[in-house]
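Peer 1: In order, the protein sequences belong to chains A and B. All letters in the first sequence, in the order written, are residues 1 to 501 by our numbering. All letters in the second sequence, in the order written, are residues 1 to 71 by our numbering.
Any given hint could be a false lead.
Looking from chain A toward chain B, a few residues come up when the C-beta cut is under 7 Å (computed) [said to hold, decoys possible]:
id	residue
1	I72
2	W79
3	V83
4	P84
5	L87
6	I225
7	P227
8	G229
9	W236
10	T237
11	E268
12	K272
13	A280
14	T385
15	Y449
16	F450
Derived list of chain B stretches under chain A, where covered just means 3 residues or more per stretch with a C-beta under 8 Å from a C-beta of chain A [said to hold, decoys possible]:
id	segment
17	16-30
18	40-50
19	55-66
Keep in mind the hints are simulated off the structure, nothing from the lab. Quick caveat, the model's predicted, so the values are computed rather than measured. The beta carbon of each residue, even a glycine, is placed where N, CA and C say it ideally should be.
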Amino acid sequence: MLAGIDYFIVIAYIVGMLLLGLYFKKFVNSSEDYFLGGRSLPFWAIGMSIVVSDIGALDFVGVSGQAYRYGISVGNFDWVGSVPAMLLAAFIFIPYFWRGGMYTIPEYLGRRYNKSVRTIASATWILFFALDLGVLFWASAVLLNVLMGWPIWISIMSTAGVVGLYTYFGGITAVIMTDVVQMVIMFIGGFALVYLSLDAVGGWENMVAKIGTMGPEYQSHFDIIQPVGTKSPFPWTGILFGLTFVMSNAYMIGNQSIVQRCLTAKNEWHAKASMVFGSALKMFIPILVLFPGLMAVVVHPDLADGDQALPMMIKTILPPGLVGLMFAAFFAGLMSSVDSLLNSTATLFTKDIYEPFIKNDADDKHYLKVGQITTLVLLVIGVATAPISSDFPGIYVAIQTFMSYFQGPIFSILLLGIFWKRTTQWGGLSALVIGIGFAVFLNVFKADYFTIEDPFLYISWWSFVLGFIVNITVSLLTKKHSDAELEGLVFSSKIITKNKS
Amino acid sequence: MLNFDWLSGVSPETAKMIFFGLYILIGLLVLSLPNEYIWVGIKKEDRHWYNNLKIWSVTVLSILATVYYQF
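All chains should be modelled from the sequences, with the hints used to inform the complete structure.
Peer 2: Here's what the structure looks like:
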């Protein structure tokens with residue numbers, strides 16, 4: 001439990017976030033302000049927000065634990081698993097979405113394919129995001145309970161109150177600007193831990209030498225490329241095909257909570273720059289989350305569970321004051337994930353479900369109110385379902401895993417949708433449904449088909465491949481779209497030679 | 001086939017060269033984009049080397065390639 005200065009830092013952080021978020025209430029006068037920040041935000045804020053939303057407190061612990069068990073190859077997720085995809089998004093996909101004035105990715109899919117594809121994609125994201133909320137509320141409650149000694153329900157209500165208030169009133173502008181502060185805190189806390197941990201293990205060279213003498217299971221801890229035959233979940237084939245070609249692209253191009261941020265940019269250059277700047281920041285994430293796990297191999301070599309690596313390093317390495325800052329960084333990770341989910345889910349529901357199916361002729365103020373009410377409803381659902389998480393300890397991993405099964409098929413229809421004019425609505429719909437079904441099938445029977453520990457990278461790749469093939473086959477058998485229907489939705493060399501913004 | 005056993009003969013060193021090749025390819029693709037496209041949204045008089053997104057992208061890719069070279 002925290003005390004003294006650490007306690008003060010965590011409280012000051014929470015109150016500061018609330019006040020900062022509420023400050024942005026005055027900029028919200030329309031649904032565009034609420035969902036897209038009035039398309040007025042600068043690249044640096046968006047880039048920082050993308051990075052901090054991508055890495056949550058649970059990832060801090062999980063990635064450190066994997067680095068403890070498998071070594072530096074975990075860093076592939078933030079290096080090759082992010083940077084190429086972010087550059088592809090910056091220069092090809094984001095300009096299309098930004099120029100089209102879109103609010104959601106399913107909105108693009110609806111225009112490119114049909115309403116069913118839009119609805120399936122949107123409903124799937126809404127379901128996963130809503131489930132995730134409860135898990136994150138529970139995680140933050142446990143953190144506050146352990147650190148501050150607050151009862152679980154007070155902890156849940158505090159998180160929901162703070163994040164809910166500024167997201168309800170300030171919309172995505174409040175979400176992004178609080179993310180900026182949260183990223184700064186996360187980087188300061190993380191780098192302080194890395195610096196002091198390096199000092200504790202006697203420097204980098206010393207750490208490498210010590211781990212090298214610890215036995216055969218540690219011999220590949222500093223190999224970023226793992227062979228095909230590795231038992232770890234990160235063989236280079238999975239990293240290249242599953243992660244680099246599919247999952248990272250699907251995440252950076254097809255994930256509403258990421259792409260929506262770029263759509264808030266004040267102009268097209270800022271939209272592109274936000275992704276490129278974000279990719280530069282992403283390169284530092286493995287240093288923050290992976291290195292403490294590696295150093296824990298030297299400091300705490302006998303941990304039964306690798307996920308204890310980071311908490312143990314914080315406990316034994318950091319002095320008072322920095323412990324509070326590090327836990328504020330943890331809390332920052334959780335808050336940024338929760339506010340992103342709230343705002344993105346409200347956007348998906350309002351734009352993809354409410355507007356097309358329930359009321360499509362209302363004035364703008366009406367949709368602003370719907371977005372705010374949806375945020376409130378999601379808060380209630382998150383709070384109500386939070387305790388369920390305690391009964392299912394693996395639920396976070398399960399949700400993330402199922403989300404990964406959605407990635408392959410969704411990327412296959414995005415890729416073909418933008419690069420191949422002949423893709424039809426029925427091709428896209430079939431690819432989405434059959435691809436997701438195939439991913440679920442492979443997961444259920446993974447023991448029969450795969451030899452590595454957790455084949456989610458391979459499942460993403462093969463469900464992408466099947467979605468791709470199904471999309472092409474069905475498209476060739478069905479009626480193609482007219483040029484007028486495809487205008488502004490399919491890649492053309494004109495986009496890089498015509499200035500439309 | 002699903003486990004990529006057919007690529008088990010590829011050594012980690014060769015695999016590393018594949019990743020390097022990927023970074024070079026992406027770098028070349030970024031460099032091949034027309035300058036006008038990179039600057040969309042920025043007035044002509046405000047275009048400088050420090051807000052050239054090609055330079056940003058190539059810098060990021062170079063750092064990434066260095067990391068993979070080190071490990």
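Peer 1: Hint by hint, say whether it matches the structure.
Peer 2: Do the hints match the structure? See the list:
Interface hint at A/I72: satisfied, since its Cβ lies 6 Å from the closest Cβ of chain B, which is below the 7 Å cut-off. Because the closest C-beta pair between A/W79 and chain B is about 6 Å apart, less than 7 Å, the hint holds. Residue-level restraint check for A/V83 holds (minimum Cβ-Cβ distance to chain B is 5 Å; threshold 7 Å). Annotation: A/P84 was flagged as interfacial toward chain B, and the flag holds, the nearest CB pair being 5 Å apart, inside 7 Å.
Because the closest C-beta pair between A/L87 and chain B is about 6 Å apart, less than 7 Å, the hint holds. Given hint, A/I225 at the interface with chain B, holds; its Cβ is 4 Å from that chain's nearest Cβ, closer than 7 Å. Here the hint on A/P227 is kept, as its CB sits about 6 Å from the closest CB of chain B, short of 7 Å. Look at A/G229: its Cβ gets to within about 6 Å of chain B, closer than 7 Å, so that hint holds up.
Here the hint on A/W236 is kept, as its CB sits about 4 Å from the closest CB of chain B, short of 7 Å. Given hint, A/T237 at the interface with chain B, holds; its Cβ is 4 Å from that chain's nearest Cβ, closer than 7 Å. Interface hint status for A/E268: upheld, as the beta-carbon distance to the closest one in chain B is roughly 4 Å, under 7 Å. For A/K272, the interface hint holds, the least distance from its beta-carbon to any beta-carbon of chain B being 6 Å, beneath 7 Å.
Checking A/A280 against chain B: minimum C-beta separation of about 5 Å stays under 7 Å; hint holds. Interface restraint check for A/T385: the shortest CB-CB distance to chain B comes to about 35 Å, outside 7 Å, so the restraint is violated. With a cut of 7 Å, the hint placing A/Y449 at the interface with chain B holds, because the nearest CB-to-CB distance is about 5 Å. About 6 Å separates the beta-carbon of A/F450 from the nearest beta-carbon of chain B, less than 7 Å, and the hint is met.
Restraint check on the segment 16-30 of chain B versus chain A: 7 residues with Cβ-Cβ distances below 8 Å, three needed, restraint holds. Judged by the Cβ-Cβ criterion of 8 Å, the segment 40-50 of chain B is covered by chain A as claimed, because 3 of its residues qualify and three suffice. Counting residues of the segment 55-66 of chain B whose CB falls under 8 Å from any CB of chain A gives 7; the rule of at least 3 is met.
When the structure is compared with the earlier hints, a violation turns up for hint 14 alone.
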